[in-house]
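> So the sequence lines, in the order shown, correspond to chains A and B.
Using the numbering used here, read the first sequence as starting at 390 and increasing by one per residue.
Using the numbering used here, read the second sequence as starting at 249 and increasing by one per residue.
Hints are computed from structural coordinates only; laboratory data are not their basis.
All C-beta atoms, glycine included, are put in the ideal place defined by N, C-alpha and C.
Incorrect hints may appear among the rest.
[Said to hold, decoys possible] Partial selection, computed: residues in chain A whose CB lies under 8 Å from chain B:
#, residue
1, 487
2, 488
3, 589
4, 596
5, 605
6, 637
[To be verified] Listed next, the in silico BS3-like pairs over lysine-lysine satisfying Cα-Cα at most 25 Å (straight line):
#, chain 1, residue 1, chain 2, residue 2
7, A, 618, A, 681
8, A, 630, B, 436
9, A, 630, B, 404
10, A, 590, B, 436
11, B, 404, B, 344
12, A, 615, B, 328
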Amino acid sequence: MKYVCLLLLFAAPAWGQKVTLPPEVKVQPGRLAAVTVEWEGDDLKYVTPPELDVFREFDPDVKKVRLRLIGYAAGKYTIVAVAAKSDPLVANKARLSEFATCIVVVGTPAPPVPPDPPVKVSVPNLVGHDWATAMTAVTLLNLRLAQLEDTSGTVKSQQPPAGTSVSAGSTIVVTMSTTPPVDPAPIPLPGLRVMIVEESKERDRLLPGQQAAILGKQVRDYLNAKCVKEGMQPAYWIIDKDVPVDGLEKHWRDVFARPRKSLPWLIVSNGKTGYEGELPKNLDETMAILKKHGGE
Amino acid sequence: MAKKSGNPVLSAPIGANEVIIDSKNYKRFLTPVVDGEPRKMGLWPQHPMKSQLRAEVAGSFDIPLIPESEWADRLAQKIKDQSQLSDIRNQGMFGKRIPSRDQDGEPYCWAHSSTSAALIARAVNNQPYADLSAFAVACMIKNYRSEGGWSEESLKFIESRGIPTSKTWPQQSKSRANDKPETWAEAKENRFTPEWMNLTSGNKALIKQQLVTCLLLGIPCTTDYSWWSHAIIALDLVSLSPFRIRIWNSWGDSWSEGGTGILEASKAIPDDSQAPRVITLAA
Numbered sequence: 390m391k392y393v394c395l396l397l398l399f400a401a402p403a404w405g406q407k408v409t410l411p412p413e414v415k416v417q418p419g420r421l422a423a424v425t426v427e428w429e430g431d432d433l434k435y436v437t438p439p440e441l442d443v444f445r446e447f448d449p450d451v452k453k454v455r456l457r458l459i460g461y462a463a464g465k466y467t468i469v470a471v472a473a474k475s476d477p478l479v480a481n482k483a484r485l486s487e488f489a490t491c492i493v494v495v496g497t498p499a500p501p502v503p504p505d506p507p508v509k510v511s512v513p514n515l516v517g518h519d520w521a522t523a524m525t526a527v528t529l530l531n532l533r534l535a536q537l538e539d540t541s542g543t544v545k546s547q548q549p550p551a552g553t554s555v556s557a558g559s560t561i562v563v564t565m566s567t568t569p570p571v572d573p574a575p576i577p578l579p580g581l582r583v584m585i586v587e588e589s590k591e592r593d594r595l596l597p598g599q600q601a602a603i604l605g606k607q608v609r610d611y612l613n614a615k616c617v618k619e620g621m622q623p624a625y626w627i628i629d630k631d632v633p634v635d636g637l638e639k640h641w642r643d644v645f646a647r648p649r650k651s652l653p654w655l656i657v658s659n660g661k662t663g664y665e666g667e668l669p670k671n672l673d674e675t676m677a678i679l680k681k682h683g684g685e
Numbered sequence: 249m250a251k252k253s254g255n256p257v258l259s260a261p262i263g264a265n266e267v268i269i270d271s272k273n274y275k276r277f278l279t280p281v282v283d284g285e286p287r288k289m290g291l292w293p294q295h296p297m298k299s300q301l302r303a304e305v306a307g308s309f310d311i312p313l314i315p316e317s318e319w320a321d322r323l324a325q326k327i328k329d330q331s332q333l334s335d336i337r338n339q340g341m342f343g344k345r346i347p348s349r350d351q352d353g354e355p356y357c358w359a360h361s362s363t364s365a366a367l368i369a370r371a372v373n374n375q376p377y378a379d380l381s382a383f384a385v386a387c388m389i390k391n392y393r394s395e396g397g398w399s400e401e402s403l404k405f406i407e408s409r410g411i412p413t414s415k416t417w418p419q420q421s422k423s424r425a426n427d428k429p430e431t432w433a434e435a436k437e438n439r440f441t442p443e444w445m446n447l448t449s450g451n452k453a454l455i456k457q458q459l460v461t462c463l464l465l466g467i468p469c470t471t472d473y474s475w476w477s478h479a480i481i482a483l484d485l486v487s488l489s490p491f492r493i494r495i496w497n498s499w500g501d502s503w504s505e506g507g508t509g510i511l512e513a514s515k516a517i518p519d520d521s522q523a524p525r526v527i528t529l530a531a
C-alpha cells in the first residue's frame, strides 16, 4: 500500500470542523471514477497520490468537492483530507478535523469479452410485394432493404434470393418492376371496357406501336370482338384529351376524369381486374394487356 | 372508268374497280354520271367572302410537318397495321363499311365533305354510327338555295351548330319543316371542336406536306379542288411514286368502288384544305 502524508500544523479538537470521504472506490485502469468530499469548517485541504490524475469539478454546493480521477496502473492509492476552522478564542489559531481517507483501488483490466456469434436469419421472399410490405418483412427479421430504382411498383427480383441464410443486419437488394401495379377494375361494371386517351395533335411523336394501337386494325378487331356491347356498340373509346365528354354515360365520364400521368393513356377493365397506365410502346405489349383482362 | 396505272413499289391496296384520276383522264370526271344520273360538284371558285371567312376562323396548321424522308417508312407501317382512315371507315358502322353520302344532284359537295369528315372522326373514336345529314348544313347556310360553297364554310357551321342525323333531317331533304328546335338540339351532339386546322392554301408544295402529315397521322382532311370544282374528303396516302391519295366522294357508294377513288400527282394536291381533328362525343 502506498501512502501520501499530509503535513498538519495544528491539533484537532472539534469545533464544528468535519470532513467525510467514501472509504473505498474501485475503478478499472483508464476509466474515470468519482469521489465526493463532504466537509464543514472554514477551509479544506486534501492530498492525492501522483499515480492518479485528478480533476476537481465545479460544484455549486461549496461544502462538497467532487473529484474525478483516473489511474492507469493497478494498485491501491489513498486520498487524505482534513477540514479546519478558526479558533474564536485564540487569534491566528485553527482547529482541525479528524483525517478522512479514501482507498482508491485500481483493478487489473478485465479480459476482453468475445463477441456474440452472429445471428443467422433466412431471407424472406419479397418478389411480388410492394415496397412498404417488403420493408416491413425485412425489418421484422433485423435485415435492411435497398432498391436499384425507384420504389414504385412491386419487387421484380431480389438478391440474395429467398431462403438464403444471412447474418442479421445484412442488406437485401431488390429491383422494382417498372410496370405499375395492377389496380382493381377501373370501371365497376361487368365485361371488358377499354379507353385510350390520346392527343391527336401529338400523334407524330408516338412510336409505331402506339399509333397502331390507336388507329390499327388488330386492336380494333380485338375490341370489337371482346368488349361488352353498350347498345349496339362495343364498349371502347379512343378519344382526344381535349374532347368534351358531357355526352357520355357516367362510368365513362368517371374513367375519363381519372388522373393520367402521361399520354396516350390506356385504361382496361373487366369489372374485376384492370390496367391503368401509359399505352405501351410496343403493340404486342398492348395486346398482351388486353388479352390478360379480356381473354384470348 | 379509269383503270389503275403504274407500278408503284410501295402502295396501299387499290380496289380492282377503284377509279384513278390523273392529268390525262380527269376531264371525264368533270361531268359525272352515276347510275345513269348526272352528279354535281358545287365548289365555288375563290371569292372575296372566303377571305373574310378565313379571317374569322383562322385556325392555322399547328402540328409539326413529318419530314419527306420519313414518308415511305410511315406509309409502309400504316399499310402493315391497316391503320388508314379507309380501314376505319370499312368497319365503322357496327363492323361494316360506313355508307357514302350522296348529294343527289345538288351542288352541296362542300357540305358533304365536312359531314364525311365528321363520320370518320366519330369512327376513329368508336362512336356509334350516326346517319349524319349534310343537307341540313347546306340548306341552313344557303337558305335552301341550290348554290355552291366551300368546305371551310360548312366546317365553321358544324363547329357552332353541329350536324343532325336523318332522324330529324332526312337525307337529301330540303324541306323547311326539318328546321325545328329538336333538330338542332340533336345536331349539337355532333360538333367539331375549335381545334380544326386550315392547311396553307396558295402554296402547293406546303399544302402537300401538310396533307401528307395529316393522312399519316390519321387526321381526315376536307379537300377543295378548283380543277374539279369539287370538295371531297381525303382519307389515305396511297403511294409516293406516283403520288396518290384516296378520297371519299359524295356521289353514293355506286361511284368508283364503295364511293372512294384515287387522285394522282397534281390532281391530288388541293387548292384548299381543312383538318378537323376532334368531334364531340355522343354515346
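> Run every hint past the structure and note whether it holds.
Do the hints match the structure? See the list:
| no. | hint | result |
| --- | --- | --- |
| 1 | 487 | 104 Å, violated |
| 2 | 488 | 102 Å, violated |
| 3 | 589 | 5 Å, holds |
| 4 | 596 | 10 Å, violated |
| 5 | 605 | 4 Å, holds |
| 6 | 637 | 5 Å, holds |
| 7 | 618/A x 681/A | 19 Å, holds |
| 8 | 630/A x 436/B | 19 Å, holds |
| 9 | 630/A x 404/B | 22 Å, holds |
| 10 | 590/A x 436/B | 23 Å, holds |
| 11 | 404/B x 344/B | 30 Å, violated |
| 12 | 615/A x 328/B | 23 Å, holds |
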